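Chemist: Got chain H sorted already, so can you dock chain F onto it with the hints?
Chains H and F, in that order, are what the protein sequence lines are. Residues 49 to 154, numbered by this note's numbering, are exactly what the first sequence covers, in order. Residues 20 to 268, numbered by this note's numbering, are exactly what the second sequence covers, in order.
FYI, nobody ran anything at the bench for these hints, they're computed from the structure. Computed from a prediction, not measured in an experiment: that's the story for all the values here. Please note that the accuracy of each hint is not assured.
As the list claims (entries may be wrong) - Below are the BS3-like pairs computed for lysine-lysine, each with C-alpha atoms no more than 27 angstroms apart in a straight line:
#  : chain 1 : residue 1 : chain 2 : residue 2
1  : F       : LYS200    : F       : LYS23
2  : F       : LYS111    : F       : LYS23
3  : F       : LYS143    : F       : LYS22
4  : H       : LYS86     : F       : LYS119
5  : F       : LYS22     : F       : LYS120
6  : F       : LYS111    : H       : LYS87
7  : F       : LYS200    : H       : LYS86
8  : F       : LYS137    : H       : LYS87
9  : F       : LYS120    : H       : LYS86
10 : H       : LYS86     : F       : LYS137
11 : H       : LYS86     : F       : LYS111
12 : F       : LYS248    : H       : LYS86
13 : F       : LYS137    : F       : LYS23
14 : F       : LYS248    : H       : LYS87
15 : F       : LYS22     : F       : LYS82
16 : F       : LYS200    : H       : LYS87
To be verified - Not close to chain H: a few residues of chain F, all C-beta gaps over 10 angstroms, as computed:
#  : residue
17 : LEU27
18 : ALA133
19 : LYS143
20 : SER144
21 : TRP158
22 : PHE160
23 : ILE171
24 : SER174
25 : MET259
26 : ALA261
Beta carbons: idealized from backbone N, C-alpha and C, even for Gly.
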Amino acid sequence: MSNSYFLALTLGMAAVTFLIRFSFIGIAGKLDMSERVKKTLRFVPVAVLPAIITVQILGVNSHMEFDLHNPKVIAAIICTLISFRFGLVWVVISGVGSLVLLNTFM
Amino acid sequence: MNKKAIILRGVSAVMPLCIGDFPFSFIVGALSVSLGMSVWQSTAWSCIVIAGSAQMLALNMLKTGTSLGVIIFTTFVINLRHVLYSASMAGKIREASFFKKCFMSWALTDEVYATTVKEMDENKSDKYLFYFSVMLTFWGFWVLANFLGAIIGSSFPDIQKYGLDFAMVAAFIAIVVPQIKSQACTVAALVASVSGVLLVVLPWSLGIVVASLLGVLAGLAVDLAEERKLNAENTSTELMLANKEVGHE
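If we strip away everything but chain H, and leave its shape as in the complex, we get (with noise of 0.2 angstroms):
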């Protein structure tokens, strides 16, 4: 990765960061959130996530094709099935293990 790409990715992934961050702290308690608003934020991960969970699984194209047959969705599930009861650790072996063998024999 050239060093300016590299600079301009982290130097502006870290502003919005930091932007965020500082938000409230910074004007110390001046303006108070709504519970309405705060309670809505919380569904910000729950969105962003398997939104972009689904599309990497099903491989979606820009053409709108994607395929079923796809391995991905059933270590996709055994992912889920894991994360139920086990951390991220277990979940992520299970899901690579599982497509690892999933594409053997497959």
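Modeler: Same frame as chain H, now just chain F:
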């Protein structure tokens, strides 16, 4: 309590989270190298940005050739939840200097917030020492794990072949599933997923951003509907109670 004891308490409070996040940061490091970053770029990236989910997402977008502007905008969207932490911390550290506030905000991650939020409530001057020992310990482990991942990643250039790119999706699943606790969250997740698939036609990978927004709105709608229902039930029980009282008379 003396300073050393406070630092030790901070380090041990955040240690379980450091260990839990180690593989996550390790994977970020390994993947970033396989996507064209050098080991030093990858380490500096983690060092400065310190936002795991956003970094994972950015790698994902780099892979699909998304433009820089969209990557930064998506970082903004995924990190919006940290506004909550900022709002919750704001009142507790009001007396800190501007520089201190900046430094504290820089690595106010999910993990640092979760570990320190209770401590910051108390009116002790030691609480800043506690905060910084938690934050710097977490940050140190985060960067170290990324660095080790980057080194391993650079020694296995074909890492994608072993399905390690799927590790990213698996990690996302592990992060999001425990967060889906209510009906409103489920609806938000479903709406976002379905519209994410339907909106891939949008240019500049904006589909994900729009889909997330739709998901959040759907969650909000369910929330509002539930509250209306709850209010209606409360009113009807109040009416029933009132009727009973009238009946007694």
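Chemist: Any Cβ of chain H at or closer than 10 angstroms to TRP158/F, or is the non-interface label fine?
Modeler: Nearest chain H Cβ is 13 angstroms from TRP158/F, so the label holds.
Chemist: Verify that the Cβ of MET259/F lies farther than 10 angstroms from every Cβ atom of chain H, and report whether the claim holds or is violated.
Modeler: Its Cβ never comes within 10 angstroms of chain H, the nearest being 28 angstroms, so this holds.
Chemist: Given the hint that LYS248/F pairs with LYS87/H, test it: the Cα-Cα distance must not exceed 27 angstroms.
Modeler: Measuring from Cα to Cα gives roughly 17 angstroms; hence the hint holds.
Chemist: Going straight from one Cα to the other, do LYS86/H and LYS111/F come out at no more than 27 angstroms?
Modeler: OK: LYS86/H and LYS111/F at ~18 angstroms, within 27 angstroms.
Chemist: Is LEU27/F truly not at the interface, in the sense that its beta carbon sits beyond 10 angstroms from all beta carbons of chain H?
Modeler: holds, 26 angstroms
Chemist: For the pair we were handed, LYS22/F and LYS120/F, check the Cα-Cα distance against 27 angstroms.
Modeler: This hinted pair holds, its Cα atoms lying about 21 angstroms apart.
Chemist: Keeping to a limit of 27 angstroms between CA atoms, is the pair of LYS111/F and LYS87/H held or broken?
Modeler: holds, 21 angstroms
Chemist: Hinted pair, alpha-carbon criterion (27 angstroms max): LYS120/F, LYS86/H. Please report holds or violated.
Modeler: holds, 22 angstroms
Chemist: Below or equal to 27 angstroms on CA atoms is what counts here, so check LYS86/H against LYS119/F.
Modeler: With a Cα-Cα distance of about 25 angstroms, the restraint between LYS86/H and LYS119/F holds, given a limit of 27 angstroms.
Chemist: Assess, step by step, whether the Cα of LYS248/F is no farther than 27 angstroms from the Cα of LYS86/H, and give holds or violated.
Modeler: Roughly 21 angstroms separates the two Cα atoms, so the pair holds.
Chemist: Could you grab the alpha-carbon distance between LYS200/F and LYS87/H and see if it respects the 27 angstroms cut-off?
Modeler: Within the cut-off at roughly 13 angstroms; holds.
Chemist: Between the alpha carbons of LYS137/F and LYS23/F, is the straight-line distance 27 angstroms or under?
Modeler: holds, 20 angstroms
Checked against the numbered hints above, the structure violates hints 1 and 15; every other hint is satisfied.
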